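Please take these sequences and the hints and turn them into a complete structure.
Protein chains in written order, with the numbering used here: chain A, 1 to 561; chain B, 1 to 656.
Calculated directly from the structure, the hints in this document are not laboratory data.
As the structure is a computational prediction, the values presented were derived from the model and not from experiment.
There's no promise every hint is true.
What the hints assert, rightly or not - In silico EDC-like links for lysine to aspartate or glutamate, alpha-carbon gap of 16 Å or less: (1) Lys286/A with Glu275/A; (2) Lys454/B with Glu106/B; (3) Lys529/A with Glu530/B; (4) Lys522/B with Glu519/A; (5) Lys526/A with Glu529/B; (6) Lys464/B with Asp127/B; (7) Lys482/B with Glu275/A; (8) Lys529/A with Glu529/B; (9) Lys522/B with Glu527/A.
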Amino acid sequence: MTMEFSEHIKTANVDDVVLKLPLRPALKGTLCVTAHHLVFSERKEEGSYQLLLLLRSVDAIEKRMTGLSGSSGTIVIKCKDLRILQFDIPGMEECLNVASSIEALSSLESVTELYPFFHRPRELSLSEPWGLSSPQQQYAQTERLWDRWRLSKVNRNFSVCMSYPRTVIVPCAIDDITLAKAASFRQGGRFPVLCYYHRSNGMVIMRSSQPMTGANRKRCREDELLLQAAIDESEMGYIIDTRSAQQAQQARMAGGGFESKAFYHHWRRLHRHLERGKVLQESLIKLVEACGDPSQNMDRWLSKLENSKWLSHVHSALSTAGLVAECVERDGHSVLVHGFEGTDTTLLVTSLAQLILDPASRTFRGFLQLLEREWVQAGHPFRQRCAHSAHSHARLRQECPAFLLLLDATWQLGRQFPLALEFSEVLLLRLAQDAYASDYGTFLCSSEQERCALQVKENTHCLFQFLLRREEREKYVNPLYEATDLAIWPSVHPQSLQLWTGLFLRWTEYAQTMDEAREEIWTIVKERKETDRPKGCAHTTLSRHDSFTNVENLMDELTVL
Amino acid sequence: MMEHIRLPKVERVQLADRSSSRRAQVGTLYLTAFHTIFVDNEVHNELWVLHSLVCNVEKLSITSCGYPLLIRCKNFQVIQLLIPKENDCNDVFVSLLRLSRTERYEELYCFSFMPNVDKAARGQAWDFLNLKAEYNRMGVSNKLWHTTSVNREYRVCDTYPADLYVPKSASLPVIVGSSRFRSKGRFPTLSYYYRETQAVICRSSQPLSGFSARCLEDEQMLEAIMKSNPGSRFMYVVDTRPKLNAMANRATGKGYENEDNYTNIKFQFIGIENIHVMRNSQQKLIEVSDLPSPSMGEFLLGLETSDWLKHIKSILAAGTFIAKAVAEEGVSVLVHCSDGWDRTTQVCSLASVLLDPFYRTLKGLMVLIEKDWVSFGHKFSHRYGHVVEEPKEASPVIDQFLECVWQLMEQFPCAFEYNERFLISIYNHVHSCHYGNFICNSEKERKDLGIREKTHSLWPHLWKNKVDFVNPLFRADHSQTKGVLQPLTTPYCFKFWRGLYNHFDRGLHPRQSVLDSLMAIKEETQQLEEVLTIYQQKLAGVGREQANDLFVKKHGMKNSQGLWAEPTHIRLANSPQDYNGGNLVSGPKDLLPQQRKTNLDLSLFGDTSESSDPDNSDQESEGADFSCHSCSGGASPPSEDSVKDPDSDDPAFNNA
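Written out as structure tokens, the structure reads:
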């Protein structure tokens with residue numbers, strides 16, 4: 001342990017601590033504070049319970065003195081994965097020390113001090129590849145792109161766009177000098193780049209940030225050329241602006257703006273207002289608060305659910321993505337998506353549209369690749385957005401659950417098309433957890449540039465690679481998966497969208513019976529597989545089955561790790 | 001009924017698809033004595049709607065293409081027709097209005113429904129469920145409880161069944177005396193006996209206590225019930241009404257038990273609202289589910305304002321209270337409301353579902369409905385408007401019970417042998433008057449009308465189709481299945497029942513069904529197992545390769561396609577929604593013609609498999625002339641190419 005960490009730990013061990021977890025009887029044991037974890041071990045001869053809680057996953061901590069004249073204390077820990085646990089600690093001083101350690105160690109500022117830089121499991125090696133694919137690979141694999149699209153290294157030093165990867169896919173007709181000029185016209189340098197190629201008709205989805213037209217309607221010839229080159233001369237394209245028309249108009253006062261029809265003749269602009277930033281974060285906070293409300297009052301619940309607006313945001317995300325997909329598949333036109341910075345709602349819409357359209361993104365690997373491409377490499381600022389989740393009383397800075405909203409919308413797709421996704425809800429829950437606090441480096445930084453500067457890829461393990469290992473993968477696949485080549489058009493009627501109980505009620509009894517149902521589905525599917533196999537092979541399935549149930553039993557502990 | 005049909009057939013009628021912007025189907029409309037039938041011109045798919053399921057018919061304002069008629073059904077199907085000529089529309093309207101308002105029981109469909117079964121088989125079908133056997137299964141008669149003949153010929157209470165179970169210690173005069181002190185003579189009698197604790201659920205109507213009246217026999221009756229549970233020194237009396245309502249009843253000489261007059265009772269109000277409140281609440285809920293394209297906020301607010309889930313929660317909470325008292329405390333409970341045939345029925349049967357895993361099986365739920373609802377005189381014909389009656393009598397009482405069961409199924413996905421379709425089927429048949437089971441308001445009325453002799457029983461029919469109603473996740477030995485269910489009643493556990501209220505809005509449902517998929521897998525497993533056994537026997541010692549060959553062949557076996565089987569293929573109803581919010585980019589104009597055709601065909605197939613009457617193989621014969629279909633095809637599909645130009649900068653701002 002380095003000096004910096006030990007400074008924060010005044011009391012490392014406390015005995016006779018009582019741990020209260022949701023849905024479990026209280027446990028008595030020893031609590032230990034380490035640099036990155038809280039470790040609780042139950043005092044018991046056999047089968048004792050161990051809790052390993054990543055300190056980074058602590059969202060908020062409350063402490064209060066109890067016992068005679070405050071001789072002992074209680075710490076309530078609210079985790080970013082929405083779990084709430086409570087430690088009753090004998091001794092006021094110990095309690096205060098533990099609490100201050102948790103406060104300090106859960107909010108370390110420096111990325112390289114975080115646990116992923118120390119997580120060294122025996123079965124993984126740092127020399128293994130980090131990440132699943134790169135724009136180069138994506139380009140190389142899509143032969144039909146080669147005609148009209150090229151790979152550009154204009155951003156090789158991150159000098160054109162800080163938040164883009166080094167290589168991007170752009171129209172062949174546009175050279176790097178033009179790109180650089182177009183970039184200077186877009187907020188944060190995020191010029192239009194390709195993110196999806198629709199094989200059946202050659203149309204594409206692109207994304208960018210807003211153009212910096214400003215109050216006096218500035219234009220940029222290079223930007224116009226870039227967009228023009230993305231579509232054939234005779235064609236037209238759609239710009240889906242994730243802001244309301246009014247917001248886009250107002251953005252001009254702050255130097256931003258939108259593509260005016262006068263200069264972008266072949267593009268039609270549609271506005272679909274998606275909330276972002278603080279509004280979304282407050283929505284999440286309200287929803288979580290509603291779910292934790294002990295009141296038995298039905299009116300109160302429904303009005304709180306409505307008031308949180310979370311489901312409305314899910315609705316807007318899915319219907320905007322549906323619109324994009326419809327433009328591409330039904331209308332046969334290319335689409336550019338952007339809002340303000342192009343790092344949040346833009347990515348939400350482009351990735352959901354791909355899930356709707358592209359069967360490849362609905363496979364296990366394909367989905368992780370999609371997330372890598374559209375969120376990690378595309379520069380979603382995970383570090384700021386996922387600094388806190390719903391419990392923190394800290395003043396909100398740049399927190400925003402855009403990624404959580406993507407996972408929720410994906411879950412809704414999975415509900416409506418239960419056979420179409422190769423991964424299950426369990427994967428979405430795992431991702432929801434790791435985006436906020438993780439053993440892995442995948443969600444650590446806010447851009448490729450930052451990842452390079454901090455040598456994240458050299459010094460941490462990649463979550464996506466880890467999840468794809470055979471023994472991990474099995475926990476997260478959808479037993480009912482049947483690949484389909486068709487687009488999956490979600491219903492966006494309010495009756496069709498539901499509260500994601502798996503996430504928001506995860507630590508209640510309600511989620512338990514749902515888990516049992518999921519297990520039952522596995523059993524049914526495995527029974528078929530076993531019958532389907534000639535006798536000789538049956539035992540291998542059986543042992544896999546056993547290991548699976550074991551894994552399921554360990555899930556409780558595992559999810560904490 | 002034939003004389004009410006002003007017009008047996010109308011051609012070139014359009015059937016609109018309300019849930020999507022898809023083109024209307026053009027076809028011929030037939031009116032028969034019991035059905036409205038729409039036959040599509042192109043693919044000859046048929047839509048059958050029972051007149052008895054129609055709850056209202058409405059003429060809408062004229063459009064350029066004709067005269068629209070809106071038919072709302074009790075199963076929440078809404079059918080919109082467009083009839084070319086005004087006179088025809090009027091005739092259809094008047095005919096339907098009359099045909100859907102049955103005036104006498106004998107006019108109901110069940111009296112004309114003649115499937116091909118002989119008399120003996122019909123009688124057997126009526127004996128499919130045996131309530132005496134059911135009481136035996138529970139554990140009565142025994143040394144404390146026995147069956148009484150007091151209500152033979154329905155002399156004491158004409159809304160109760162003839163066979164009733166009472167404490168052995170309650171003498172005839174006590175029973176009769178107690179019945180005189182209870183509304184409609186509905187004295188306390190056994191509903192469910194819980195073997196493990198010997199505690200019971202009894203049911204009755206309210207006492208005629210007024211402000212101070214007493215009845216010694218009634219007090220003795222309750223004491224007898226209390227004492228017939230050796231495990232407890234007291235019993236609960238649960239009045240399922242809100243206290244205020246019960247107090248108001250005292251002014252009319254009715255009311256509730258005074259704790260001081262009865263030995264060792266604990267009295268409890270539960271506060272379930274009356275049938276009128278429930279009727280209005282459901283009406284609001286239906287309006288919400290029927291909103292054309294509500295925002296999430298509108299929907300949730302509407303759901304809240306309807307109060308529907310609040311009522312569902314209160315009923316489930318009441319059931320839970322009783323189940324706990326009986327199972328955990330081992331205390332007997334007497335349940336009543338006013339007359340003891342609505343709320344009391346809901347709560348007693350729900351508590352039984354929680355207590356007894358048997359009622360979570362297919363057969364068990366049938367028995368439970370037969371016992372608590374049918375035999376105990378739930379007023380089916382009044383509540384569900386089988387014949388023209390006072391509309392204030394109608395109320396969604398069994399709807400709420402079925403919904404509570406559905407809510408439980410959502411909470412305990414492995415605990416029920418039946419699935420949602422079973423509940424919806426029962427729901428439909430409660431309203432359809434297709435079978436005799438739910439006709440009339442009491443056992444006596446049914447006997448007088450000769451229901452057993454003149455109509456058929458639903459239960460064997462459902463049993464025959466049970467493959468469609470089975471929950472693949474059910475396992476008799478699952479921990480959820482065994483013992484008493486302890487549901488959560490936290491508000492977030494209650495959901496809007498899309499499967500019932502939006503049953504016919506195909507676009508709203510998941511496009512692939514977990515249920516069907518699991519059923520298919522299970523069936524396949526079973527078939528493979530059978531093959532395996534056969535081949536193990538046959539080929540003992542022979543090379544394994546041959547057996548493997550067979551597995552491959554057998555693998556693609558067809559699954560049984562019952563009346564509910566909907567193809568799981570996602571093409572079905574899988575088309576883009578209105579993602580544009582009215583600000584249309586363009587319609588599906590680029591859709592290839594064949595594609596468009598496919599969509600249409602599939603949707604039609606879906607319609608027939610869902611909305612037509614499941615039993616139409618046995619239709620009455622006086623059908624209209626099906627052989628002459630018009631080949632008009634003249635109706636032009638409404639233009640879907642209305643491309644607004646949302647682009648130009650300025651109008652776009654106005655949108656915001």
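Could you tell me which of the numbered hints above are not met by this structure, giving the numbers in increasing order?
7
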